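Novice: Its first residue numbered 1, the sequence shown is counted upward by one per residue in the numbering used here.
Hints listed in this document are in silico derivations from the structure and should not be mistaken for laboratory results. Fair warning: this is a prediction, and the values are worked out from it, not measured in the lab. For each residue, glycine too, the CB sits at the ideal point set by N, CA and C. Incorrect hints may have been included.
To be verified - Straight-line Cα separation of at most 20 Å, SDA-like style, residue types lysine to any residue; simulated pairs: (1) K123 x L154; (2) K90 x T132; (3) K90 x H177; (4) K90 x H180; (5) K88 x A149; (6) K88 x D182; (7) K123 x H177; (8) K90 x K164; (9) K90 x L154; (10) K123 x K88; (11) K123 x S135; (12) K88 x L145; (13) K123 x P156; (14) K90 x N189; (15) K88 x Q151; (16) K88 x T185; (17) K88 x H177; (18) K123 x S165; (19) K88 x D160; (20) K164 x L121; (21) K90 x D182; (22) K123 x A163; (23) K164 x L154; (24) K88 x N189.
As the list claims (entries may be wrong) - Computed beta-carbon distance windows for the label pairs: (25) D128 x A163: 14 to 22 Å; (26) Q91 x T119: 46 to 54 Å; (27) N193 x L93: 18 to 26 Å; (28) Q91 x S161: 22 to 30 Å; (29) T68 x V157: 52 to 60 Å; (30) N189 x D166: 24 to 32 Å.
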Amino acid sequence: MQQINLYQDQFKPEKTTLAANQIVLLALLFIAMLIVFSIYSYQRVEAHKGALAEQQQRYDQSQQQLTTLKQQLSQQDQRPLLETELVKLKQDLQEKQTVLDYLSNHTFGNQDGFSGTLTSLSKQRIDDVWLTGFSLMDGGQFISLHGDATQPSLIPVYIDSLAKSDHFRGKEFSVFHLEHPDDNTEFYNFRLNTQKDNTGIR
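Turn these sequences into a full structure, and let the hints guide you.
Specialist: Here it is in structure tokens:
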């Protein structure tokens, strides 16, 4: 039988020793892997940033479109303004109609003489209503009064005050004109006229 000594040097495992250049190579390889991973991570982050910026841009565009649409709707929807103007016109017409109705239901006296007419007119004292002119024709039978008032509602008060005077009892102011204040004044201009019919003075 042949015996083999396993403890001889030839049967001992060989020890592998890395050279310095191999260690450096491995280190460089590791660093290269880190660089590649960092570049990959950076590209992914940049891609996410780009996607986020694109979404933000789309959102801003949508927000701008919404704002523009609201402005267009606001410009197109003029009905509230028109309705406001319509209400003002209706109110103005109603005020005129009120005075006309008042005039149609009140008559004034019929007497002669310029002096009596002037005296009666001079006695009228209604705050915020005043005459700016008047005309007397046919011996005072035809009368035209021009005046200003701060409110249309004061004109019937002025007419009622005339009705209480003896000189105007029996006369009817059947022609009425009212002008709304313009930008240069706050006063309502009014004109009251008596007119003739086939039976005489109204």
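Novice: Evaluate each hint against the coordinates.
Specialist: Results of checking the hints against the structure:
no. : hint                    : verdict
1   : K123 x L154             : holds, 17 Å
2   : K90 x T132              : violated, 27 Å
3   : K90 x H177              : holds, 16 Å
4   : K90 x H180              : holds, 13 Å
5   : K88 x A149              : holds, 18 Å
6   : K88 x D182              : holds, 14 Å
7   : K123 x H177             : violated, 23 Å
8   : K90 x K164              : violated, 31 Å
9   : K90 x L154              : holds, 19 Å
10  : K123 x K88              : violated, 34 Å
11  : K123 x S135             : holds, 17 Å
12  : K88 x L145              : violated, 26 Å
13  : K123 x P156             : holds, 16 Å
14  : K90 x N189              : holds, 18 Å
15  : K88 x Q151              : holds, 14 Å
16  : K88 x T185              : holds, 17 Å
17  : K88 x H177              : holds, 18 Å
18  : K123 x S165             : holds, 9 Å
19  : K88 x D160              : violated, 26 Å
20  : K164 x L121             : holds, 12 Å
21  : K90 x D182              : holds, 17 Å
22  : K123 x A163             : holds, 12 Å
23  : K164 x L154             : holds, 16 Å
24  : K88 x N189              : holds, 17 Å
25  : D128 x A163: 14 to 22 Å : holds, 19 Å
26  : Q91 x T119: 46 to 54 Å  : violated, 37 Å
27  : N193 x L93: 18 to 26 Å  : holds, 20 Å
28  : Q91 x S161: 22 to 30 Å  : holds, 25 Å
29  : T68 x V157: 52 to 60 Å  : holds, 54 Å
30  : N189 x D166: 24 to 32 Å : holds, 28 Å
In this structure, the hints that do not hold are numbers 2, 7, 8, 10, 12, 19, 26, in rising order.
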